[in-house]
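*Asks:* Going down the list, the sequences are from chains A and B. Residue 89 in the numbering used here is what sits at position 89 of the first sequence, and the numbering runs on without skipping anything. Residue 375 in the numbering used here is what sits at position 181 of the second sequence, and the numbering runs on without skipping anything.
Calculated lysine-lysine pairs in the DSS-like style (CA-CA distance at most 27 Å, straight line):
| # | chain 1 | residue 1 | chain 2 | residue 2 |
| --- | --- | --- | --- | --- |
| 1 | B | Lys330 | A | Lys53 |
| 2 | A | Lys94 | B | Lys330 |
| 3 | A | Lys99 | B | Lys330 |
| 4 | B | Lys416 | B | Lys443 |
| 5 | A | Lys138 | A | Lys94 |
Think of the hints as simulated: they come from the structure by calculation, not from any bench. These numbers were taken from a predicted model, which means no experiment stands behind them.
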Amino acid sequence: MSGSSGMTPLNDLEKVLEAMLFVSSEPVRIKDLSDLLDERPQTIENAFYYLQKNYETGGRGMEILRVAGGWQMVSHHDLNDILENFTDNVRRQKIRLSKAAMECLAVTAYNQPVTRSEIEEIRGVRCERVLDTLLSHKLIRIAGRGKGTGSPLLYRTTDNFLTLFGLDSISDLPTLEELDEISTGDPDLFTGVS
Amino acid sequence: MQLDSSRKADINKTIEKISEFHVEVEGFSGPLDLLCCLVESREIDVGKINVSEFVKIYGAFLQSTERASIAAIADFISAAAGILLGKVTSLLPSFDDNKEISEKDLKDLPSEEELISMLERYRPYRDAARYLGVLKKESERYFSRPVPDEPPLYDLGDLFGVSSLWWQLLRDKQTTQKRDKSTAENMFMDGVPLAVPEEQQVENRISELGDIIREVTETDLKQVLGRSPSVSNLVVTVLALLEMSRLGKIRIFQERMFGNVRIIRDDSPQRS
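Construct all of the structure, not just a fragment, from the sequences and the given hints.
*Replies:* Below, the structure written as structure tokens:
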């Protein structure tokens, strides 16, 4: 079997991890697996990298990605058009976000924890409803209260945010200065992107 | 290019028709020129004019005239653009020329430097939002296993576990029922009489009325009921009186409809 599919045989740990990725609908975290399987985190991490490489070279319909601080098995990116027409399940995974929502997310991501008034100050417009939408999509969460007048709510991005944007952690985002350099150097870089 | 006289006449006729184009929009009915004039002088609320509807009407009008000169159409486009400009202007805050802007108003407005500083602060986040858009588009090419929305599964173990749980629940329910029953029996409710069957209530009332009638020979319903009779008391008393009358213990009379009822002890020999 392995010879015909182009995949090299997996050891017991890799097989277990592959099965776990298959049944899980959320990214699988190394720490959880380390406790469960009684293996060192580094061993599990290496096994995931091996699996990822194995899927990449094996010509499979699935890929293994590092996302939101864990690992996740996803469909191959080349198959998205076919899969969209195959089942509603995949279409439902797409969240439509307005320009205002994207800007609120960007301000939250780069300044977290952040209050609503701080976001409004940067954007120059009210964003109460936009924040409600982002909360309902579980892209941001309330992370306590600020020390200012009236103890305003503080907002942070969630793991769902990382998953939606394919980020492993928030530090994967380029800094605002880097973004400025990119957009100054190539004004058309983001053209056509909402 | 020379135009023949009939064609010239046709074109002139069309131009006349177009100049006579009447507009009927909300709050106005008349020639287009007058509408534009009223909009400019702000005598008509331009916000209420539906420009798309207006253009549609003009299109239909052109279709009916079949011919139109370029100049006439250009005039119309100019007029429509004027109305559109009026609509846009009406959306922007306006300063009355006669009213001087107060110093407070000016203070509230951000200065040019502040505006530039705000925009400079905002710009990187706009770029960041666009960058997130790129990431989202890229990420949407992957699909993961969807989160199941089926009802949760309950792990109850084996058959012995399920039956043990069932007997435990049954025992708990029986214990609770017993406790509730004894609590209800022992509970003393101040001022709330225990429910008594209707027959028993009527029998008790017959006994009470018998005692009254033995002492006074004659009485009436008002006296028997007291000052504030309840509906249930009235019903029970009337039923008791009817029963006593049937048994020949009393005689009851009502002089007029809805009047008082006289109750007289019947001293005649008892019927069997």
